[in-house]
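Here is how the chains run, residue by residue.
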Amino acid sequence: MGDLRPPRPEGDTLPTMDSDEELLRRLRAGDERAFVILVERHNSAMLRLALSFVSSRAVAEEVVQDTWLAALRGLARFEGRSSLKTWLFSILVNRARTTGVRESRSVPIADAGPVVDASRFGPDGAWAVPPEHWIEEAEDRVDAVKLSELLRIVLDTLPARQREVVLLRDVEELTSADVCQVLAISEANQRVLLHRGRAKLRQALESELGGAPR
Amino acid sequence: MKTWFPRLRARSLSFSRVPDLVCQQVVELVTDYLEDALSPADRRRLEKHLSGCPHCTEYLAQMRETIRLTGRLTPEDLTPEMRSDLTDLYRLWRAEG
Chain A
1 MGDLRPPRPE
11 GDTLPTMDSD
21 EELLRRLRAG
31 DERAFVILVE
41 RHNSAMLRLA
51 LSFVSSRAVA
61 EEVVQDTWLA
71 ALRGLARFEG
81 RSSLKTWLFS
91 ILVNRARTTG
101 VRESRSVPIA
111 DAGPVVDASR
121 FGPDGAWAVP
131 PEHWIEEAED
141 RVDAVKLSEL
151 LRIVLDTLPA
161 RQREVVLLRD
171 VEELTSADVC
181 QVLAISEANQ
191 RVLLHRGRAK
201 LRQALESELG
211 GAPR
Chain B
1 MKTWFPRLRA
11 RSLSFSRVPD
21 LVCQQVVELV
31 TDYLEDALSP
41 ADRRRLEKHL
51 SGCPHCTEYL
61 AQMRETIRLT
71 GRLTPEDLTP
81 EMRSDLTDLY
91 RLWRAEG
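Sequence lines, in order, name chains A and B.
The working numbering numbers the first residue of the first sequence as 1 and each following residue consecutively.
The working numbering numbers the first residue of the second sequence as 1 and each following residue consecutively.
Hint data in this document are derived by calculation from the structure and do not stem from the laboratory.
These numbers were taken from a predicted model, which means no experiment stands behind them.
Treat the hints with caution; some may be incorrect.
Where chain A lies over chain B, by a calculated footprint (3+ residues, C-beta under 8 Å) [stated by the list, open to error]:
| hint | segment |
| --- | --- |
| 1 | 27–39 |
| 2 | 54–62 |
| 3 | 67–73 |
| 4 | 83–95 |
No residue lacks a Cβ here, since even glycine has one placed at the ideal position from N, Cα and C.
Full structure from sequences and hints, please.
Pasting the structure below:
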């Protein structure tokens, strides 16, 4: 996915974004710096994903390290059919599940019930308490850092499987096919989990920002 | 009026197999809609509802905004400890041959 980024404008002082493919080539040739760049690029996302499988940061860090080692050892087998990120995430999910802190089979696919509280609709199914406006608030009047903090907190409170799907789809921007591959779930399950996770994030934003005088 | 009725009835009968969606159903279909996972018929039903319902249109816009804001989250920076651990790991792997 790294290779899809637009080229940086000339005179930009930031280091050039080498594609993952280029870095892999250098890594295979024994370039330690290439490994460090790949770690900087992907490690935090991996750690965050690992944290939704295991209960402590220490264990999550171990899982991530195991993943890097497994990736290095499997470097020769990586054929680039998926993106490097998807491949790393797949290894990580396997490792995290076998670490077994959270038994994946016992985690329900979705919690029951509608995503918007039934009390907000009338007997005819039409909105009785319609969505409060907050988009302009989020775009114009609220500090982006504060909003990110709020979303991070809500993300952390989502059931693990919902969090994993939202992280991979909406934060990491993987395709739905890649998310299904990484988490070994069906497209339909992926959509259910995404639906519930996103709905909770929306509700949190409404609760936080809605009802402001317009 | 009398002449209108039979036509209206006929019209609503021909659509009676597919009742209009209500808001409470629409909010449950929003993700399938955004993921392009609805059948063409359901997609049309949903879009028909949206065209006449400002609240559901707002809900959909908020869902898009939620996705946009979530996409702005950036991973926390790597701690120096983790960076050095991983560099050690690399050297270990190199030593494996």
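These are the hints, each one checked on the structure:
Evaluation of the coverage hint for the segment 27–39 of chain B: fulfilled, as 7 residues show C-beta separations to chain A shorter than 8 Å, against a requirement of three. Three residues within the 8 Å Cβ limit are the bar, and the segment 54–62 of chain B against chain A gives 6, so the coverage statement holds. Counting residues of the segment 67–73 of chain B whose C-beta sits closer than 8 Å to any C-beta of chain A gives 6, which meets the bar of three, so the coverage hint holds. Here's how the segment 83–95 of chain B fares: 10 of its residues keep a CB closer than 8 Å to some CB of chain A, so the rule of at least three is met and the hint holds.
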